[in-house]
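Asks: Line by line, the protein sequences give chains A and B. Be aware that the first sequence starts at 1, since it is given in my numbering, and climbs by one per residue. Be aware that the second sequence starts at 1, since it is given in my numbering, and climbs by one per residue.
No lab work stands behind these hints: they were computed from the structure. Think of the CB as a built atom: it goes at the ideal place given N, C-alpha and C, for glycine as much as any other residue. The reader is advised that the hints may include incorrect statements.
[Unchecked claim] Below are the DSS-like pairs computed for lysine-lysine, each with C-alpha atoms no more than 27 Å apart in a straight line:
(1) A/K17 / B/K49
(2) A/K401 / B/K23
(3) A/K240 / A/K185
(4) A/K401 / B/K94
(5) B/K49 / A/K23
(6) B/K49 / B/K129
(7) B/K94 / B/K110
(8) B/K23 / A/K23
[Claimed, not checked] Sample of chain A residues lacking proximity to chain B, with all beta carbon distances greater than 12 Å (derived):
(9) I15
(10) N21
(11) H56
(12) H79
(13) E86
(14) S160
(15) I188
(16) K242
(17) E245
(18) P279
(19) I294
(20) L299
(21) H363
(22) G377
(23) L407
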Amino acid sequence: MTHYDIHSIRADFPILKTTVNGKPLVYLDNGATTQKPLAVINAITDYYTLKNSNVHRGVHHLSQVATDAYEITRKKVKHYINAAHEHEIVMTSGTTHGINLVSSCYGKQFVKAGDEIIISAMEHHSNIVPWQMLCEERNATLKVIPISDDGELDMSAYRSLLNDRVKMVAVTYVSNTLGTINPVKEIIKLAHEYGVPVLIDGAQAIQHIAVDVQALDADFFVFSGHKMYGPTGVGVLYGKEKWLELMPPYQGGGDMIKEVKFEKTIYNELPFKFEAGTPNIEAGICLANAIDYINEVGLNNISLYETELLKYATKALNDVEGIRIIGTSQEKSSVISFLLDGAHPYDVGVILDKLGVAVRTGHHCTQPLMERFAIPGTVRASIAMYNTKEEIDTLVLAIKKAASMLL
Amino acid sequence: MTIKEIQNELIEDFSFFEDWMSKYEYIIQLGKELPLINEAYKTDDLLIKGCQSRVWLHADYQDGKVVFTADSDAIITKGLVSLMIKVLSNQQPKDIVNSELYFIDEIGLKEHLSPTRANGLVSMVKQMKLYAMALSAKV
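If we strip away everything but chain B, and leave its shape as in the complex, we get (with noise of 0.2 Å):
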């Protein structure tokens, strides 16, 4: 799937949750069923640092394709970053690159990517994207 596609069924699923509490209990939902970092990636130098909650990101290059995987010591902030890497992980550097995430803004979670709400996930979303551009122009 394109990182569109998945953005819009992203925003399918969340259309069905009636609250703001059965958004957050998927959210948490997900960030404990994220597939774990390896713990040799949780190292300071893969440390995105915000300023409450931390996240470590790893990207691997696989056919062509770059490959997410990351942790939170936060849950709500994990699950976060397991929809990003639902959207950005299995896809071609220069697609993540010139990707346009819309998708957290429409499920209505905009605040999450607030500078002023310190969870480190601006700071992932640009992560991401340098990581692949540093791939796509290794390629």
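With the rest of the complex left out, here is chain A (with noise of 0.2 Å):
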């Protein structure tokens, strides 16, 4: 694995020099959020250091150093995604609010009774309970794509679910619990033959995989900064400037607005439509930090790296005995959800934590998929760019102590 210097990465994160219960951190849990580095920690100290002032409003000098610096952000994450315009770029809180607030404004506009949303059955809670919501509200109905106990979508099921009835599809990039990459490039493109959108959650993916908007076709795309090294609080929601244009806001206040008459109120132009109210500036002016940070290092890189690692962990993992991995699709990133045979997920991260190993249990907000597989859960152990072999070893030692006094 020589993609790059993983002690120099290392280096830049410094809660991994950090200890729990005595011993050395190894953090597994990077699907939740990922640890920030150096450049993004200091780069928070410098906005409150030097640029702390309210975006888009005054004329005063602070303002015009916080709104360039915020601007620049929705720069980089054009580049970054390859939008073809920077007012296709929506600042969220995250991956929830975007899904949201496209469920609540394109559902308003273009959802009635008897038409149909499509989601698949690996989504996380926030891809599907918005959308449930509007079904109900509108009375429209709830369609799930089906997935194999390998944890792939059933593509011939979701081409028989498409119809003139459908309004939206919604599906994940790369599935937050078993670490599925979903072929969306050709969902998106089925869909577009019946003149249907597709939202995708790219939660899981940002962070992993080199995404580009225009040559997925993709008419929304939706991500958080937490989960790719930046920090918490703010998100990403890109949509096509056609289906954003024909939207109605999603929140009234102050910066979404051009004119405000008691009589009517004309809407600001995108992106600011979108963005009512003081957003949160600093996570908004740090996410830039964290792009550069992983333009510093190559998402390529990255994407590689992990691979491998993925590949290593899958292995170590396979040998250990009485090991289950939920989710062996042919395409994987960075997500690996297993049970120990006889011993209970929340049981087993228990003692992953005594042993300074952090990892997910629990249904990892996706009940329904827990169900698909009748399982009350799973054990996750999700990678990042500073992860190392060394960590994957030590993991597998710890599963073998909690087996041995679990079992």
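Using the supplied hints, reconstruct the complex from the two chains, each of which is provided in its own coordinate frame.
Replies: As structure tokens, then:
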């Protein structure tokens, strides 16, 4: 694994040097959130030390400085996902906010009684519940693309779900529980044959896979800053101009208006129409530093490194007696969910924590998926650019220890 | 024994463990030994929903005392449940309602009572007190 110098990468993330329960931290909960490099941590301090001011409002110097910095992020995001226009980048508080915005605003405009919305069996609750709420409100129907035992979408079932009543397809790029990389390009192409727009939940893809929203032809693409080494509380909704123009605003308030009279308000243009109120300025600005950091390391390098590490981890875990990996798709990214025969995931998680290994246990906000596999939850190890083979070895030892205690 | 006496005894028992591992091995052992709840009581309405592990709790009233039986699908949770039952079962309703559970803290298992732990234990203690309260109102 010589895609980059792992030691210098690790040195950029101060938290990786800390200990938990007297053991060196092995952080394998990156699917929940990633750690932050010094470049981001320092930028946050810099912001409050030198730039703090409200954006898009004042004529004074500091407000201009903050606004410029905030808008630089929008430019960087545009390049990062290769959007056609900067005004197609709507800053949100995170993936959940982005999906709710689309389900609400697009739904208001386009979804009527008898219409259908398609999601998949492996969606995060954030990409289920907003659509369920919309369907209830509009008397529409939610359809679900089934998955195979390996955790792959049943594409022929998907094809047969498409028809003229479908008004939206919303699927995840990478499953947060199974690690499956879905064939989103094909999903989008098929939906477009019926004129149906597609929303891609990119929360687990954006930090691992190079995304080109134009090449994918995605209508909406959402993700969070904190899962890509950036601050918490900022996210992005990419939307094609034509859809964003046709959708009504999400929330009313400052920044989203051009002119307010008591008789009628003229809404601001894109993207500000969807950005009511003071945003999380600090996080918005410092997301640019996270993008810079990823670009410096090179997303392609990260991707290659993580793929190799995932292969190593999959093999190592498969060699442990009694381990069953949930999610064995051909195309996978950065996530391994597993069960230890006869042990509850919660128990395994408690013992791993005692040994300094941070994993996620439970249903991972994908309860319907747990039901599909008839399991109470899984133990999930999710990797990032700074994880190492040695850490995977520690994980394996910890699992063996847990097995010896629990079984 | 009173609730306080049982708690003090448990604190003394746990003081002999030198490291976390022997402590947890003991808890796991308790979990394995916990007399099983009657299968008939493992129903959804007796289920205390934690986020990750599930706990079933049943209360009986016998000779002026509340007798708890419980189960969980996770063994560490079950061990902790077993400790709670040692302390609160076979006690008078009013004593349960007024009890202050300090032993979990003292034996270094406080993290398991934190709400983020999502093991259903906090809800279980609440439910035990609610049962006791309902029964003491009846008496």
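Asks: Name the hints, by number, that the structure is in violation of.
Replies: When the structure is compared with the hints, numbers 1, 4, 5, 10, 21, 22, 23 turn out to be violated.
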